[in-house]
Amino acid sequence: NAGVTQTPKFRILKIGQSMTLQCAQDMNHNYMYWYRQDPGMGLKLIYYSVGAGITDKGEVPNGYNVSRSTTEDFPLRLELAAPSQTSVYFCASIRGEGEAFFGQGTRLTVV
Amino acid sequence: AQTVTQSQPEMSVQEAETVTLSCTYDTSESDYYLFWYKQPPSRQMILVIRQEAYKQQNATENRFSVNFQKAAKSFSLKISDSQLGDAAMYFCAYRSAMWDGGSQGNLIFGKGTKLSVKP
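If you read the protein sequences in the order shown, they are chains A and B.
Sequential numbering from 5 applies to the first sequence in this note's numbering.
Sequential numbering from 42 applies to the second sequence in this note's numbering.
Treat the hints with caution; some may be incorrect.
Stated by the list, open to error - Facing chain A, from chain B, some residues (calculated, C-beta under 10 angstroms):
1) 45
2) 47
3) 50
4) 52
5) 53
6) 74
7) 91
8) 93
9) 134
10) 136
11) 150
12) 152
13) 153
It is worth saying that the hints were derived from the structure and are not from the lab.
For glycine and all other residues, C-beta sits at the position ideal for the given N, C-alpha and C.
Sequences and hints are given; from them, build the entire structure.
Written out as structure tokens, the structure is:
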């Protein structure tokens, strides 16, 4: 069981560049989430999805976009990267009332 | 809106001793879940223990146990017989049990407690 696979693990972007963080899960979970983790802070919700074709904003959505064309995949798009987007990003999925399964995280640095 | 507070940014424990990490939360809901996650330097988020609010019995997983006080909105984690591998960031998290509202199962995290284990 692969669980939640998140790529890349590390990335350095220049200001103004764009990139997509990939997230895939093989557990047939409907609910998927993107979080960011800043130093000394807990994880904050960027976007979430309750199923294919349905997404919604979380607490800190500015500067990001998502799509959910399949149950398995939930990519996060950064447009016009800014230093404030330097963070560690986590993708997660949840099965019903069970626990959340997390990807291994992406450390993104914007310079 | 729900909030989770971890008032101890850092804690230290001697190997083989017991340590308790504190967590308080605020909610107007009666049905929810509480979690403790461990994050070692590898960054991986690892579920340590989970508690359903409707259960009065405190959850236990081997050396890890919780003290869940629903009326006080308190959810502390006790680690017994601490081991070097327990050194990590520990996050307390809340999740509503209501899936038709705006939260949609989102986890709300505290800021974390960094636990050091001394040999």
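Results of checking the hints against the structure:
With a cut of 10 angstroms, the hint placing residue 45 of chain B at the interface with chain A holds, because the nearest CB-to-CB distance is about 7 angstroms. Annotation: interface hint on residue 47 of chain B holds; nearest CB of chain A at approximately 8 angstroms, less than 10 angstroms. Here the hint on residue 50 of chain B is kept, as its CB sits about 8 angstroms from the closest CB of chain A, short of 10 angstroms. The beta carbon of residue 52 of chain B comes no nearer than 15 angstroms to any beta carbon in chain A, farther than 10 angstroms, and the hint placing it at the interface is violated.
Violation of the interface hint for residue 53 of chain B is found here, the shortest Cβ-Cβ separation to chain A being roughly 18 angstroms, above the 10 angstroms cut-off. Contact between residue 74 of chain B and chain A, as hinted, is supported at the beta carbon level, the nearest pair being about 7 angstroms apart and thus within 10 angstroms. The beta carbon of residue 91 of chain B is positioned within 10 angstroms of a beta carbon in chain A (closest approach about 6 angstroms), and the interface hint is therefore held. Proximity of residue 93 of chain B to chain A holds as hinted, the smallest CB-CB distance being about 8 angstroms (cut-off 10 angstroms).
For residue 134 of chain B, the interface hint holds, the least distance from its beta-carbon to any beta-carbon of chain A being 8 angstroms, beneath 10 angstroms. Nearest Cβ of chain A to the Cβ of residue 136 of chain B: about 8 angstroms, under the 10 angstroms cut. The hint holds. At its closest, the beta carbon of residue 150 of chain B sits 3 angstroms from a beta carbon of chain A; the interface hint therefore holds under the 10 angstroms criterion. A cut of 10 angstroms between beta carbons decides the hint on residue 152 of chain B: the least distance to chain A is about 5 angstroms, and the hint holds.
The interface hint given for residue 153 of chain B holds, since its Cβ lies 6 angstroms from the closest Cβ of chain A, which is under the 10 angstroms cut-off.
Hint violations for this structure: numbers 4, 5, all remaining hints satisfied.
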